[in-house]
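There are 2 protein chains.
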Amino acid sequence: MSKIGNAAVKLFNERGYLETTMDEISSAAKMSKGGIYHYFLTKSEILFFILNNFMDLLLEGLEEKLDGVEGDLEKIKFLIYRHIEYHTKYPSVSKTLLQQGHLLRSEYKTIAEKEKKYYQLVASVLSDFWGGRIEKERLTAITFTLFGMCNWIYSWYNPKGPVTAQELSEIIYQIFTRGIDQSPIFKKPKN
Amino acid sequence: MSKIGNAAVKLFNERGYLETTMDEISSAAKMSKGGIYHYFLTKSEILFFILNNFMDLLLEGLEEKLDGVEGDLEKIKFLIYRHIEYHTKYPSVSKTLLQQGHLLRSEYKTIAEKEKKYYQLVASVLSDFWGGRIEKERLTAITFTLFGMCNWIYSWYNPKGPVTAQELSEIIYQIFTRGIDQSPIFKKPKN
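Note that the protein sequences, when read in sequence, are chains S and D.
FYI, in the working numbering the residues of the first sequence are 26 to 216.
FYI, in the working numbering the residues of the second sequence are 26 to 216.
Nothing false has been slipped in among the hints.
Taking beta-carbon pairs under 7 Å as the criterion, some of the chain D residues facing chain S (in silico):
| no. | residue |
| --- | --- |
| 1 | L43 |
| 2 | W155 |
| 3 | F201 |
Calculated directly from the structure, the hints in this document are not laboratory data.
Beta carbons: idealized from backbone N, C-alpha and C, even for Gly.
With the sequences and hints as input, model every part of the structure.
Structure below.
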């Protein structure tokens with residue numbers, strides 16, 4: 026199944042989910058169409074399989090791991106590093122989720138529920154940073170701003186380029202917590 | 026032409042660019058198909074028209090206005106407020122550009138060139154903040170992180186909701202320059 030998923034996600038990214046046909050997936054996966062239909066009846070089942078697996082991976086053991094991290098800022102750091110790690114390790118799946126996930130239409134509901142759970146875990150860590158005393162709307166804006174910093178990498182970041190996933194995580198963590206004007210890693214050179 | 030563009034962009038967002046037909050655009054714009062074909066021969070010409078206009082709007086007078094703003098942080102603030110203003114004023118166009126712009130395929134080149142120009146203006150303001158003394162790869166990561174914070178709003182922000190575009194701009198500006206741990210606007214309540 027993952028052989029089909031891997032071939033499909035590559036095509037979804039290169040050609041687009043809607044433009045990709047089952048014939049192309051079958052040919053890319055080097056399997057007969059009958060072989061594919063044994064596992065998946067429709068293209069949307071393949072997309073669902075890929076995205077659902079990725080969300081399960083993101084959520085797996087997350088709460089327990091967070092409990093083991095001491096300190097509000099350290100928890101935020103852990104979340105950013107982990108998010109960037111998974112999204113850069115599986116860039117095609119990440120891009121498909123963020124750019125084309127909505128094309129699943131009604132089947133997207135299950136994915137959206139898992140995304141919501143993930144969002145709530147992150148928002149709750151951020152809320153704890155303010156001791157829970159932060160306006161709901163403000164917390165929403167801050168949480169999605171953090172997601173924006175992390176998720177947008179699908180549009181520009183090259184995992185094989187000069188900036189490692191760890192360096193990227195540190196840049197995002199430093200901006201989010203201290204900003205370019207206050208973080209020591211962005212210190213201006215002295216004249 | 027803008028009547029067609031407005032009707033089309035609404036459909037592209039609700040139903041998707043690929044799924045939308047010229048018939049639907051004609052019906053939503055309350056124009057005959059002949060009337061539409063007078064202006065646009067294909068659906069991709071409509072999408073191009075919408076996105077190209079938006080990029081022109083974003084770039085119009087930007088360099089001159091930036092020149093009139095004193096101070097590196099003030100220039101960054103100006104860019105963030107302006108970006109959020111335009112993207113929240115035209116949320117459907119913004120979302121279509123960021124989520125479906127790539128569907129233009131080869132015609133996307135012109136849009137991509139204008140996006141690049143916009144990117145370079147922002148990157149150059151950021152570079153000035155470090156007196157030009159910042160590694161290229163680092164500058165790229167920081168610039169796209171800022172774009173991520175600003176662009177991601179297409180996926181969550183409701184211009185009619187409780188957070189105004191100005192409040193959102195200030196949140197993003199404060200996070201980007203001082204972070205949640207250093208900016209006075211995110212001060213933790215005293216126990």
